[in-house]
Structure formats: C-alpha cells, structure tokens
Amino acid sequence: MTDPSNPSSAPAQNDIDPDLQAVAREVFDLARRGDAATLAAVIRKGVPPNLRNEKGDSLLMLASYHGHADAVRTLAELGADPDLRNDNGQSPIAGAAFKGFKEVVEALLAGGADVEGASPDGRTALMIAAMFNRTEIVDLLIAHGADPQARDASGVTPLDAANRMGAPDTPTQLAKVRS
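Take 622 as the starting number for the sequence shown in this note's numbering and just add one per residue.
No lab work stands behind these hints, which were simulated from the structure alone.
Among the clues, some could well be false.
[Stated by the list, open to error] Calculated cross-link-like contacts (lysine-lysine; reagent style BS3-like; alpha-carbon spacing at most 30 angstroms):
id : residue 1 : residue 2
1  : K676      : K720
2  : K797      : K720
3  : K723      : K676
4  : K676      : K666
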C-alpha cells in the first residue's frame, strides 16, 4: 500500500495493472490524434483532465504539440490546465508556438493560457515563435499582451533569439514593435 504523504512509497511502474497501463496509453493516443469527442467522453467518465504521462505531458500538452485545436478547446472546457508544464518545464503554448500551430495557440489563449508561457529558463512562447520565424504567432502573442522586451535567464529578448537563429522575417517584425 502507498502512503500519499511519502512520494517514495508510490507504486513502481511494474506494480500498476497492465490493463490500466494499456487504457492510459490509449487515452494519451486520443490526445495525440486529436479525438476531441472521445476525450470528452472518457473525461466525463472519470479520467482526470490533467492526466499526465511518464514525461509529465498532459493530455492538453499532447493535443497542443500535435496541432489539434478542437481537442485543446474540449480539454480546456473540461477543466484541463492550459499552463500545466511537463517534466522539462515546457508549456503547451510554447510547444504550439514551436510547432507553428496558430489555431492551437488561439485555443490555448481562449482557454486561459498564460501568454508568456515561459519555461524555467525564462524562454517565452514569443521567443520561441520568433526563433522559428512564426510571424503569425508572433503577431497573435503580441496582440494578446506578450512582452516583446522580455528576457530569458541569459538576458536574451525575442528579437535577440530571432537574430541568433537566423529567422528571416521575425527580426524586422519585432524591431517595428520596439520602435
């Protein structure tokens, strides 16, 4: 038996029922595939909306990273935390910005996600969008209040990040915001 006050007493992976492990894998696959209707059904049956896998990725993180805006909206409506970070400290909005999924970023913002979505090193979603030349996402994040002057732990701004990565369009875009 596990003692909830003692994290070291949590059951080992081998102690978890293999059938339960298979069900959990299928639920995570629903998020990766963006099956919003089935995700809604299983959450209404009792699956926690903030269920996380072995890497700390939530259902909403997986749906975001794989570009499924409908699933993101559904999960947010059913109580999934749009700011729940994975074990690496990555936020869903930063993942969607990295991948270039504007509609997902919009869904996350509508669901209450923090527009900055900063990782532990201070890198924001805007920095990531700028680095990878995601011009539409840069505009969207700035329109929702992202700070174009934010600095990560190394003092790098979104403009610095875009220049360092050789992004062709976002440096000019961010320079206009500065002036």
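Discussion item. Would the hint linking K676 and K666 be met if the CA-CA limit is 30 angstroms?
Written reply: Holds. K676 to K666 sits at ~24 angstroms (cutoff 30 angstroms).
Worksheet entry | Restraint check for K797 with K720, where alpha carbons must lie at most 30 angstroms apart | The hint holds at about 24 angstroms.
Discussion item. What's the verdict on K723 and K676, does the C-alpha distance respect the 30 angstroms limit or exceed it?
Written reply: Within the cut-off at roughly 25 angstroms; holds.
Practice prompt. Given the hint that K676 pairs with K720, test it: the Cα-Cα distance must not exceed 30 angstroms.
Written response: Measuring from Cα to Cα gives roughly 19 angstroms; hence the hint holds.
Consistency with the previously given hints is maintained throughout, with no hint failing.
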